[in-house]
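**Student:** The residues making up each chain are set out below.
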Amino acid sequence: MNLTKRLFIGMAAGAAFTSLPLTAFAQDWQPKRPIDFTIMAGPGGGADQIARFVQAVVEANDLTNRPLVPTNRGGGSGAEALLHLKDTRDADHTLMVTLNSFYTTPIRQEALGVDIETFTPITMMGVDPFVLWVHKDSGITTFEEYVAKVKEMDGEFVMGGTGSGQEDSIVIAYMAGAYGLKIKYIPYDGGGAVAKDLAGKQIMATVNNPSEAKGFYEAGDFVPLLAFSDARMDAYPDVPTLKEKGHDFSYYNQRAIVGAPGMSDEAAAYYREVFGKVYDSAEWQDYLASESMSPLPMDEAQTRAYWTTQVQNHRKLLAEIGG
Amino acid sequence: MEVLSFLADGLLLSLQPLNLMLILAGVTVGLFIGAMPGLGSVNGVAILLPITFLVPPGSAIIFLAAIYYGAMYGGAISSVTLGIPGASTAVATTFDGRPMALNGKASLALVTAALASFVGGTVANVLFTLFAPLLASVALSFGPPEIFALMLLAFATFVGLGGDDIPKTIFSICFGLVLAAVGFDTISGEPRLVLFEISGFLRGIGFIVLAIGVYGIGEMLWTLEQTRGEVTTTNPKMTIKGLVSDTKEAARKGWRGTMIGSFLGFFVGVLPAAGATPGSLMSYGVAKMLSKNPKAYGTGIPDGVAAPEAANNSASTGAMLPMLTLGIPGSPTTAILLGGMVIWGLTPGPRLFANESEFVWGLIGSFYVSNVAALFINLAFIPLFVWMLRMPFTILAPLIFVLSIIGGFAAARSMHDLWMIVIFGIGAFFLRKFDYPLAPAVLAIVLGPIAESTMRQSLLLSSGDPMIFLNRPIAGPITVIAIILILLPALKLLRRKKAVATA
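Line by line, the protein sequences are chains A and B.
Here the first sequence is numbered in my numbering, starting from 1 and rising by one per residue.
Here the second sequence is numbered in my numbering, starting from 1 and rising by one per residue.
Some clues are possibly wrong.
Unchecked claim - Computed beta-carbon distance windows for the label pairs:
no.	chain 1	residue 1	chain 2	residue 2	range
1	B	Val480	A	Ala305	54 to 62 angstroms
2	A	Pro67	B	Pro398	42 to 50 angstroms
3	B	Val480	A	Pro67	51 to 59 angstroms
4	B	Phe376	A	Pro240	43 to 51 angstroms
5	A	Ser290	B	Ile198	35 to 43 angstroms
6	B	Val402	A	Ser290	44 to 52 angstroms
7	B	Val480	A	Lys201	19 to 27 angstroms
8	B	Ile481	A	Thr309	49 to 57 angstroms
9	A	Asp90	B	Val402	22 to 30 angstroms
What the hints contain is simulated information worked out from the structure, not anything from laboratory work.
For glycine and all other residues, C-beta sits at the position ideal for the given N, C-alpha and C.
All chains should be built: construct the whole structure from the sequences, respecting the hints.
**Tutor:** Next up, the structure:
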């Protein structure tokens, strides 16, 4: 019954799209070749899932006349993808799905010579919040108990996260600095591996995105203690935020579509229309809700301003944590 | 026996007309994707993922799982007929599959591969059905020190792979480890060994690039030089009778390898981070080590084909287990399947079995059906693949070259990779002239990154104390066995020298 209902909704959404007047796309510019859809991370992670979801929505609703070709270029915390976009010979057919290494990698690897402010903003698909998790067997139920426990263990409290200088380590370093915590930090390849090792009690706490920890939370294994979002999250109404605790800090992973530097205005307008439709689709809105992501709609000018502040913030954060 | 009634429901579900059709289509597509060098199940599943948006989730994952299965069978085909691994999971299959083909036993090798795959898949399915929740908790108890101990064990089994020349084997392993270190350091996030500042090296050196270079180009050069183009692959006509006698022979000569591969492969597949490629390489190493006649491995024996082929199929099923029960992919392909499940609105993880039991059991049922379908479809195509071998090598060699280049490009769409394939191919040819074993280098580039990051994670956990590998209940015994295996040949060597000295 469940399957048929879902299928029906899917078909209804599909039908709604196909019945849209085709004139919406009757613009000057159309892709002439398959579109390079570079993913800034390896297969299976958050950015990869989003890229494939977006591709599926585009495909199912026939939104482009040429296919999107997703390619994982996750090497070097996204350095490979950034260089690929920077050096592309066909800017009008080159797009990228980002995460925050879009900001941090060019700062950390100045030798790459990548200036992200030359890239072309397309669509901000949403932002992914971070939450502090512990295993239920730890007996810790509040953030205050967590802080007391970390202090008591004096440097032996083990947390896992993604690589040094990446999102998880920034969040943890900020929290540790604000509360004077000594934490032993173990870097992993991806958020999935981090969640698994918390479930196996190899590590004691994580700052996974809700999408990565959701399964274990629903099974009762993980306990959320603190959210690093601006306001309390709908899915976790009882979890306080770091802002409520009096620290002006929030942190999100950016999930955006970005075009290569030098993309023509016509091409950028075309892609903004396509991904705007993806954003408005029932499929994407359901996905945002189910993964506890927040919408953050922005136009081109706002996105550029957002990038500038993000680069400044990350430069400051990385300097503070010595990353 | 609740499990059996769930399984029966699942089987019925996967035998519904739509699902059965998707299974047959998926297995056939997978077989050819797997047979195409460079393209493996990862690419097949990724390319076809959007199509699955059009059918219900239960059917969609059945289709993708069928591709995954078909590709595991298909990988053996080009490993045997052309000597190029069809997929990374089939590298170990070339070790004995290619010599068998050159000895005129291509059909026996292919039949062995198909049967071993079938047995491996079936063993894994039964283990999966009966012990899924238990195995999930075993997988969770494997932290970084345990995984490192296991990697050490894998290297230990391979020290024996290069024959008696242990220094050359160790050199080969070290060479592979250096190649594996190119790119980025995951712990510190710094680039390292980016040779000549070429940005292509930032991605590291892909395993598939090395494998296609060594086994595609390198093997082609080697064969050309050895035979001056006069390769005689005597191939009898394929008949039903021939197929029956091959089946009998495969069962007689390949059962040991099949058994080792089925169980070891499944276990390695269940552990997140490992997957089918390490599973098949380790099974080959273990089968050789436990054999009464290890020297026969590499000369073309059915056991050497059966072990990796049984292992890669059972590991692929095994890798589904952490994906479904923990939401953690056990291999790159399952990572994409996991993405698919999220797209269809399912939450993989501990609650999946309870919340979506119809979906899960339909999928498990489809494993059984896919496995049977893949066996028969594969057997049906064997005459076609064997027929390809009757082409003279003067035609086959350019074909191998073209397939290597296309396959190498398809994997990452990068020219850099193509140059690396050619360089590795030529390098492999010369290393082989000097009798350096190459399989250990291939193993090292697969396992090196896993071994490195787990070792460093473990040492961070223990604040630098290496005893962490010895004083944990699971890691300890594995480490001890690995160390003994590494020291064993050295002891033998010493004893032999002593015997010579006293004599």
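**Student:** Does each hint hold? Answer for all of them.
**Tutor:** Hint-by-hint comparison with the structure:
Take B/Val480 and A/Ala305: their Cβ atoms lie about 60 angstroms apart, and the range 54 to 62 angstroms holds. Take A/Pro67 and B/Pro398: their Cβ atoms lie about 31 angstroms apart, and the range 42 to 50 angstroms is violated. Between B/Val480 and A/Pro67 the CB atoms are about 53 angstroms apart, so this pair conforms to the stated range of 51 to 59 angstroms. A beta carbon spacing of about 59 angstroms between B/Phe376 and A/Pro240 contradicts the range 43 to 51 angstroms that was offered as a hint.
Between A/Ser290 and B/Ile198 the CB atoms are about 42 angstroms apart, so this pair conforms to the stated range of 35 to 43 angstroms. The hint said 44 to 52 angstroms for the Cβ distance between B/Val402 and A/Ser290, and at roughly 45 angstroms that hint holds. Between B/Val480 and A/Lys201 the C-beta distance comes to about 24 angstroms, which sits within the given range of 19 to 27 angstroms. Distance hint check: the CB atoms of B/Ile481 and A/Thr309 are about 55 angstroms apart, consistent with the given range 49 to 57 angstroms.
At roughly 26 angstroms, the beta carbons of A/Asp90 and B/Val402 sit within the given window of 22 to 30 angstroms.
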